[in-house]
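Visitor: One letter stands for each residue in the lines below.
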Amino acid sequence: AQSVTQLDSQVPVFEEAPVELRCNYSSSVSVYLFWYVQYPNQGLQLLLKYLSGSTLVKGINGFEAEFNKSQTSFHLRKPSVHISDTAEYFCAVSNPLRDMRFGAGTRLTVKP
Amino acid sequence: NAGVTQTPKFQVLKTGQSMTLQCAQDMNHNSMYWYRQDPGMGLRLIYYSASEGTTDKGEVPNGYNVSRLNKREFSLRLESAAPSQTSVYFCASSEMSGSSHEQYFGPGTRLTVT
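Quick note, the sequences are listed as chains A and B, same order.
If you read the first sequence in my numbering, its first letter stands for residue 519, the second for the next number, and so on.
If you read the second sequence in my numbering, its first letter stands for residue -14, the second for the next number, and so on.
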């Protein structure tokens, strides 16, 4: 079975600074990888996904992530964050045709 | 498109009471899922339905039952609620084919069991 570890439970950062949210996964087979964002009192929205092909994936709101198969990582990055990026971010992994497993989440707080 | 809808948005139950959480999707997806979200634990899969007529247990199925009523609707039932089931419940759907494997989530149901 696959599993996901998000290495930081909280990440505080100042506005306009760069940010990286770290995610490692384990699986014995090829997987699909996702990052979701959750704003307060809302459901999850897809930021970006990796299914195959280029290892650098661009998503919405200026976020991007890089799939590193040798390090089994899928870290999320943004070069300059805004106050509105304050939210909880979830990394997820799924096998084709199987269920999805989520990390515990990283709370990103952007300070003015 | 409404996407994934869930009812109710909030619910308070007493220990031992039963209730059903409703979920519907209008995206013609084959697969549907129920998760619970607890602080510091991310989302944990309760049950899923890969297609109409099938259901399977996820990570934390104890205390829950599900029904895939048709392609659109997937309900979650708590037969005898316990305080440990206090959580936020999310329904999701996905297509799981081609270039689309992401899940689409509803707004959630906040359940408190006293």
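Rather than coming from a laboratory, the hints here were simulated on the basis of the structure.
Mixed in with the good hints there might be a few duds.
[Unchecked claim] Distance ranges between label pairs, derived from CB positions: (1) B:Val(-3) x A:Arg595: 35 to 45 Å; (2) B:Gly48 x A:Ser527: 22 to 32 Å; (3) A:Thr573 x B:Asn50: 35 to 45 Å; (4) B:Glu58 x A:Phe532: 24 to 34 Å; (5) B:Asp23 x A:Asn579: 20 to 30 Å; (6) B:Pro24 x A:Ser521: 15 to 25 Å; (7) A:Pro597 x B:Thr0: 46 to 56 Å; (8) A:Pro630 x B:Gly48: 38 to 48 Å; (9) A:Ser588 x B:Asp11: 17 to 27 Å.
Keep in mind it's a predicted model, so treat the numbers as computed, not measured.
Note that the Cβ used here is the ideal one computed from N, Cα and C, for glycine as well.
Visitor: Check the structure against each numbered hint from earlier and tell me which ones fail, lowest number first.
Guide: Violated hints (numbers, rising): 4 and 9; every other hint is consistent with the structure.
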